[in-house]
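Protein chains: 2
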Amino acid sequence: MDSSQFREAGHAAIEDIAQYYDTLAERPVLPSIVPGYLRPQLPDSVPEEGEEWSKIQSDIERVIVPGLTHWQSPKFMAFYPCNSSFPAMLGEMYSASFNAAAFNWICSPVVTELETIVMDWVAKLLNLPDCYLSHGEGGGIIQGTASEVVLTSLVAARERIIRRRLKDVPEGEERMDKAAEMRGKLVALASEHVHSSTQKAAVIAGTRFRTVPAPKEHNFSVTTAALRQTIEECKVKGIEPYYFTATLGSTATCAVDDLAGIAELAKEYPDIWIHVDAAYAGSALICPEYQHLCPPLAAFDSFNFNMHKWLLVNFDCSAFFIKKRKDLIDTYSITPSFLRNEFSESGMVIDYRDWQIPLGRRFRSLKVWFVLRTYGVKGLRDFIRGHIKLGEYFHTLLTSRADLFTVVTAPAFGLTTFHVNALSASASTLSSSPANKPNPAHEAYLNDFTNSAEAQFREDATQVTKQVYEKVNSQGEFFLTSTVVGGVYIIRVVSATPTAEEKYLKSMFDVLVEFSEEVLGKRKA
Amino acid sequence: MDSSQFREAGHAAIEDIAQYYDTLAERPVLPSIVPGYLRPQLPDSVPEEGEEWSKIQSDIERVIVPGLTHWQSPKFMAFYPCNSSFPAMLGEMYSASFNAAAFNWICSPVVTELETIVMDWVAKLLNLPDCYLSHGEGGGIIQGTASEVVLTSLVAARERIIRRRLKDVPEGEERMDKAAEMRGKLVALASEHVHSSTQKAAVIAGTRFRTVPAPKEHNFSVTTAALRQTIEECKVKGIEPYYFTATLGSTATCAVDDLAGIAELAKEYPDIWIHVDAAYAGSALICPEYQHLCPPLAAFDSFNFNMHKWLLVNFDCSAFFIKKRKDLIDTYSITPSFLRNEFSESGMVIDYRDWQIPLGRRFRSLKVWFVLRTYGVKGLRDFIRGHIKLGEYFHTLLTSRADLFTVVTAPAFGLTTFHVNALSASASTLSSSPANKPNPAHEAYLNDFTNSAEAQFREDATQVTKQVYEKVNSQGEFFLTSTVVGGVYIIRVVSATPTAEEKYLKSMFDVLVEFSEEVLGKRKA
Numbered sequence: 000m001d002s003s004q005f006r007e008a009g010h011a012a013i014e015d016i017a018q019y020y021d022t023l024a025e026r027p028v029l030p031s032i033v034p035g036y037l038r039p040q041l042p043d044s045v046p047e048e049g050e051e052w053s054k055i056q057s058d059i060e061r062v063i064v065p066g067l068t069h070w071q072s073p074k075f076m077a078f079y080p081c082n083s084s085f086p087a088m089l090g091e092m093y094s095a096s097f098n099a100a101a102f103n104w105i106c107s108p109v110v111t112e113l114e115t116i117v118m119d120w121v122a123k124l125l126n127l128p129d130c131y132l133s134h135g136e137g138g139g140i141i142q143g144t145a146s147e148v149v150l151t152s153l154v155a156a157r158e159r160i161i162r163r164r165l166k167d168v169p170e171g172e173e174r175m176d177k178a179a180e181m182r183g184k185l186v187a188l189a190s191e192h193v194h195s196s197t198q199k200a201a202v203i204a205g206t207r208f209r210t211v212p213a214p215k216e217h218n219f220s221v222t223t224a225a226l227r228q229t230i231e232e233c234k235v236k237g238i239e240p241y242y243f244t245a246t247l248g249s250t251a252t253c254a255v256d257d258l259a260g261i262a263e264l265a266k267e268y269p270d271i272w273i274h275v276d277a278a279y280a281g282s283a284l285i286c287p288e289y290q291h292l293c294p295p296l297a298a299f300d301s302f303n304f305n306m307h308k309w310l311l312v313n314f315d316c317s318a319f320f321i322k323k324r325k326d327l328i329d330t331y332s333i334t335p336s337f338l339r340n341e342f343s344e345s346g347m348v349i350d351y352r353d354w355q356i357p358l359g360r361r362f363r364s365l366k367v368w369f370v371l372r373t374y375g376v377k378g379l380r381d382f383i384r385g386h387i388k389l390g391e392y393f394h395t396l397l398t399s400r401a402d403l404f405t406v407v408t409a410p411a412f413g414l415t416t417f418h419v420n421a422l423s424a425s426a427s428t429l430s431s432s433p434a435n436k437p438n439p440a441h442e443a444y445l446n447d448f449t450n451s452a453e454a455q456f457r458e459d460a461t462q463v464t465k466q467v468y469e470k471v472n473s474q475g476e477f478f479l480t481s482t483v484v485g486g487v488y489i490i491r492v493v494s495a496t497p498t499a500e501e502k503y504l505k506s507m508f509d510v511l512v513e514f515s516e517e518v519l520g521k522r523k524a
Numbered sequence: 000m001d002s003s004q005f006r007e008a009g010h011a012a013i014e015d016i017a018q019y020y021d022t023l024a025e026r027p028v029l030p031s032i033v034p035g036y037l038r039p040q041l042p043d044s045v046p047e048e049g050e051e052w053s054k055i056q057s058d059i060e061r062v063i064v065p066g067l068t069h070w071q072s073p074k075f076m077a078f079y080p081c082n083s084s085f086p087a088m089l090g091e092m093y094s095a096s097f098n099a100a101a102f103n104w105i106c107s108p109v110v111t112e113l114e115t116i117v118m119d120w121v122a123k124l125l126n127l128p129d130c131y132l133s134h135g136e137g138g139g140i141i142q143g144t145a146s147e148v149v150l151t152s153l154v155a156a157r158e159r160i161i162r163r164r165l166k167d168v169p170e171g172e173e174r175m176d177k178a179a180e181m182r183g184k185l186v187a188l189a190s191e192h193v194h195s196s197t198q199k200a201a202v203i204a205g206t207r208f209r210t211v212p213a214p215k216e217h218n219f220s221v222t223t224a225a226l227r228q229t230i231e232e233c234k235v236k237g238i239e240p241y242y243f244t245a246t247l248g249s250t251a252t253c254a255v256d257d258l259a260g261i262a263e264l265a266k267e268y269p270d271i272w273i274h275v276d277a278a279y280a281g282s283a284l285i286c287p288e289y290q291h292l293c294p295p296l297a298a299f300d301s302f303n304f305n306m307h308k309w310l311l312v313n314f315d316c317s318a319f320f321i322k323k324r325k326d327l328i329d330t331y332s333i334t335p336s337f338l339r340n341e342f343s344e345s346g347m348v349i350d351y352r353d354w355q356i357p358l359g360r361r362f363r364s365l366k367v368w369f370v371l372r373t374y375g376v377k378g379l380r381d382f383i384r385g386h387i388k389l390g391e392y393f394h395t396l397l398t399s400r401a402d403l404f405t406v407v408t409a410p411a412f413g414l415t416t417f418h419v420n421a422l423s424a425s426a427s428t429l430s431s432s433p434a435n436k437p438n439p440a441h442e443a444y445l446n447d448f449t450n451s452a453e454a455q456f457r458e459d460a461t462q463v464t465k466q467v468y469e470k471v472n473s474q475g476e477f478f479l480t481s482t483v484v485g486g487v488y489i490i491r492v493v494s495a496t497p498t499a500e501e502k503y504l505k506s507m508f509d510v511l512v513e514f515s516e517e518v519l520g521k522r523k524a
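Sequence order for the protein chains is X and S.
Numbers 0 to 524, taken from numbering that gives the first Met the number 0, label the letters of the first sequence in order.
Numbers 0 to 524, taken from numbering that gives the first Met the number 0, label the letters of the second sequence in order.
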C-alpha cells in the first residue's frame with residue numbers, strides 16, 4: 000500500500016468510523032454471536048498474494064462489527080466505562096504514524112517531553128499535591144493499565160523496604176539470602192473490595208497478600224481502625240506489611256477508603272508504600288467538589304487513575320503519579336551499553352523506561368494533549384458532572400419502585416448498586432407496599448444477615464436478581480454487570496459513556512421493571 | 000468534537016500523515032532540538048475553554064514534528080527497526096474507534112477470536128512447531144513488548160517449579176515459607192548478550208540472574224556446553240536454574256544461541272523453562288531459508304518475536320507463543336465475581352487476561368490481520384529478503400575499505416557490526432595496506448586480547464570508533480547505534496525500515512569513510 004492508496008483507504012476509514020459512531024445508539028450493545036463464530040468465516044492461513052484494501056475493508060462490516068461489544072454505546076452500563084473521543088482517536092492516528100519504540104529521550108524526544116508536560120497538566124487539573132509534579136522529586140508517567148501501575152509500584156515498594164532494612168548488609172550471597180527471606184515474609188494489603196490487580200501483583204512479586212475488612216456498615220470502605228488492626232495482626236504473626244492499595248472508587252460499589260485517616264496512620268508506618276488506585280473515580284477529581292479527596296495524597300507514595308475509563312482518552316492510558324521517582328528508578332534502572340547516550344548519562348532528560356516494566360513506549364501523551372485541549376477544563380467538568388447527574392436520576396427511578404428494588408449503595412461517582420426484592424416470606428408485605436416506599440424488611444436484611452430467615456431472604460433475592468440480570472444481558476440491548484458484595488448479589492449500573500442520556504437509562508429501567516415483575520410473577524411473561 | 004468535525008479533522012489528518020511519509024526521506028533522522036525544548040513552547044496548564052482542532056493540528060507541525068526521531072526514515076539504521084505500515088495504521092484507527100477494555104471474551108468477542116486466529120496464522124507463517132497452535136494445549140497471544148513477554152513467562156516459570164517441588168505440601172504458612180525459601184534460591188539464566196529484559200524480569204520476580212558466557216570464538220552465541228556448565232555451577236552452589244532465555248538474534252550482534260543443541264539439553268532439565276526471545280530476528284522465520292531454526296522450538300516452553308520490529312505492524316505488538324497455556328493460567332488466573340460470566344465459566348472461550356499481567360487489552364489483532372492480508376506471504380518474504388540483501392551490500396562496502404574498517408560480525412539478519420581501525424602502533428602498516436585488503440593485525444586482535452600491545456590497539460580503536468560514531472549521530476542525518484561486545488567498541492548498522500534502499504546505505508557509508516579518514520588524519524577536517 001503506497002501513500003496514495005493510503006489516502007484513499009484512510010479517507011474511507013474516516014467515513015466508516017464516523018458512520019459507526021453515528022449509528023451506535025441504534026445497535027444492541029452486545030453482539031448476537033456464539034463462541035467460535037469467527038473461525039469458519041476466515042481462511043486458515045495468510046493468503047499467498049496480497050489482497051486489495053477494498054476487500055479487507057468490506058470484511059470489517061461483514062465479520063468484525065458483528066463480534067463487537069459496543070463500549071461507546073449509550074446502552075453500555077456495565078463494568079466501568081472505557082470512553083473514547085474523536086480527538087483521542089486522532090491522537091492514536093498520529094501516534095501510529097510517528098511510530099517509534101521510544102524507550103529513551105533520544106529515541107524521540109517529544110515523546111518524553113510532551114508526556115512530562117501533559118502529566119503536569121493533569122496533576123494540576125486534579126489539584127494533586129505539588130509533590131506529584133515533575134519539577135521536584137516526583138512526576139507523572141503514562142502506563143497502560145491500573146494493573147501495570149499496581150505491579151510497578153508494588154515491586155518498587157518491595158525493593159524499597161528491603162533496601163532500607165538491609166542497608167548495612169554488603170552485596171553478595173548473604174544479602175541475597177536475607178532479601179529472599181524478607182520477601183517471603185512481606186505482605187501486600189488492600190481492601191477486601193480492591194480490584195484483583197493487587198492480588199495478581201503480589202503473586203507476581205512473590206509476596207503475600209491479605210485483605211482489610213471493609214464491611215457494609217462502613218459503606219464498604221477501609222477505615223483507619225481496620226487498616227491498623229490488619230497491620231498489627233500481620234506483625235504479630237511475623238509477616239510484614241510493605242504495601243497498601245488505598246481504593247478511591249472500588250470496583251463493586253465505588254467505595255472510597257478513609258484517605259484522610261489513612262494519611263495520618265501512614266506517619267506511623269513509613270515503610271509501607273501507600274498507593275491510591277483511583278482507576279475509575281479519579282477522573283472526578285477534576286471537579287472542585289471532589290477535590291477534598293486530594294490533600295491526603297501528599298502523605299502517600301503514588302496515585303493513579305485511568306484516563307481511558309472516564310476522561311475520554313482511548314484505552315490504554317493510565318496516569319501514574321509518583322512522589323519520589325527515585326523509588327522507581329532504584330528498582331527498574333538497568334542500563335546496558337546499547338542504551339547509553341550522552342543525554343541519558345547527563346541526567347538532563349527523563350528516561351521513562353526506568354519508571355516502568357517494559358522498555359519500549361508508545362506516544363500516548365499525544366491523545367491526552369488533544370483531549371485536554373479540545374474539551375478544556377470546563378468541557379471536561381461538564382462531562383463528568385453530566386454522568387453524576389445521570390447516576391442520581393437512575394437512583395430516583397430505583398427508589399420510585401421500592402417495591403421491586405432495594406438500593407444497596409447510593410450513587411457514588413455515577414454508580415448505583417441494587418438488587419431485586421425477593422418475594423419469599425415477605426411476599427405479601429412486598430406486594431402490599433406502595434410503589435414508592437422502601438420495604439423495611441429489606442433495609443433490615445442489609446444491616447444484618449445473621450438471622451436465618453434473613454439468610455433465606457437473601458438467597459431468594461439473589462435468585463431473582465440473578466434471573467433479572469441474566470435476562471437483561473441475554474437480550475443484548477443493554478449491558479449491565481452483577482457482582483457479590485457483603486454476601487449480597489447486586490446489579491451495578493453506571494451510565495457514563497460519552498453518549499449517555501437519561502432516555503437510555505429510562506428505557507433500561509423500564510426493562511428492569513418489566514423483567515422483575517415477570518420474574519416475581521406480577522406480570523404475565 | 001462531533002462526528003462531522005471529526006470527519007473534517009480526520010480527512011485532514013490522513014493528508015497530513017501521507018504527506019509526512021512522502022517527505023520522510025528528506026528529513027534528517029534525528030531532531031535538532033535540545034533537552035527541554037518543548038516546555039517553553041506550551042502553556043503550563045489545560046486551557047479553560049476548549050480549543051478548535053485547526054489550532055491543535057497546526058501545533059503538530061510547529062512543536063511535535065521538530066521533536067521526533069524518524070524511525071520510519073530510510074536513514075534510520077540504529078537499534079533494530081520499529082516498522083510501521085499503512086495497513087497497520089488503519090488497524091490502529093479502527094482499533095481506537097472500537098475502543099474497549101476487552102479483558103474477557105464477552106467484553107468484545109471479536110477481540111479474542113481474531114487474535115486466536117491471526118496468531119495461528121502467524122505460527123503457520125513461521126512454520127512453528129504444531130504445539131504452538133491454539134487447537135491443542137498451546138496458542139499465541141499478542142502482548143506489548145518482549146520485556147512484558149519475558150516477565151510473563153519468567154514468573155510463570157518460577158511458579159511452575161515451585162508447584163512441582165511443593166506438590167505434596169498443603170496450602171498454608173509452611174508452604175508459603177518453603178516457597179519463599181525456594182524463590183530465593185532460584186536463578187534465571189541467559190546469554191551474556193541477552194537483552195536487559197531478562198535481568199529486569201528476574202529483579203521483578205525476586206529471583207537471581209546469571210549470564211552464560213558467549214564469547215567471540217562462538218560468535219557470541221550460547222553453546223550447549225556453556226549452558227550445561229553454568230547450570231551445573233549453579234547447582235553446586237545450591238542455587239537452582241528455573242528459566243533460560245535462549246536468544247534468537249542478540250541485541251548487539253544478532254547472534255543465535257545453539258537452539259538445536261539446547262533442545263537436546265532441555266530433556267535433562269525438564270524443570271527449566273526455556274523461552275526463546277527472537278524479538279527482532281524472529282520475523283525472518285517467515286522465509287523457508289531460515290526455518291531450519293524452528294524444529295528445536297518444540298522442545299522449549301515459549302517463543303516470542305516483535306512484529307512491531309521487522310514485520311510492518313506498528314508498535315506495540317509482540318507475538319508470544321506458549322506450548323502449554325495452562326502454565327500461564329495456573330499463575331495468572333484470579334477471577335473475582337465481577338469478571339464471572341457464563342462464557343468464561345463454561346471454558347468455551349479463551350480469556351487472554353489469564354495469559355498476561357494486565358487485565359485490559361487493546362484490539363491489536365486487527366492491525367496484524369490487515370498487514371498479513373495486504374502483503375500476503377510473498378510480499379512479506381520479499382520485504383525481509385530485501386533487508387537481508389541490504390545487509391550484504393553494506394558488508395561489501397565495509398570490506399572494500401578494509402584499511403578503515405574491521406567487520407566484527409558479518410551480516411546476520413541484516414545487521415553488521417564493525418569498528419574503525421586504530422592508527423596507533425600499526426599506523427604505518429595501515430596506511431600502506433591496499434584499500435581492499437583486511438589488515439591482519441586487526442584479525443589477530445579480535446581473536447586474542449591478552450597481548451598488551453593489542454590491548455592498547457583495542458583502546459585506540461575504541462577511541463576512533465567512538466569519535467566517528469558520535470560525529471555521525473551529532474550531524475543528525477543518519478542514526479546509528481554503538482555498543483560494546485567482547486570488550487570491543489562497535490558500531491551496529493541495520494537498514495531495515497520499509498523505505499530502506501541501497502542509496503541511503505551508500506550515502507551513510509560515504510559519511511563514515513569521510514569521518515574516519517578525518518579522525519585518522521588521512522583527510523583535512
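These are calculated hints, taken from the structure and not from any lab test.
Honestly, I wouldn't trust all of these hints.
According to the in silico footprint, chain X covers these stretches of chain S (three or more CB under 8 Å from chain X) [stated by the list, open to error]: (1) 44-52; (2) 78-84; (3) 95-109; (4) 171-181; (5) 259-272; (6) 313-320.
Beta carbons are placed, not taken as given, at the ideal position from N, Cα and C, and that holds for glycine.
Status of each hint after checking the structure:
no.: 1; hint: 44-52; verdict: holds (count 8)
no.: 2; hint: 78-84; verdict: holds (count 5)
no.: 3; hint: 95-109; verdict: holds (count 13)
no.: 4; hint: 171-181; verdict: holds (count 5)
no.: 5; hint: 259-272; verdict: violated (count 0)
no.: 6; hint: 313-320; verdict: holds (count 3)
In this structure, only the earlier hint numbered 5 is contradicted, and the remaining ones agree with it.
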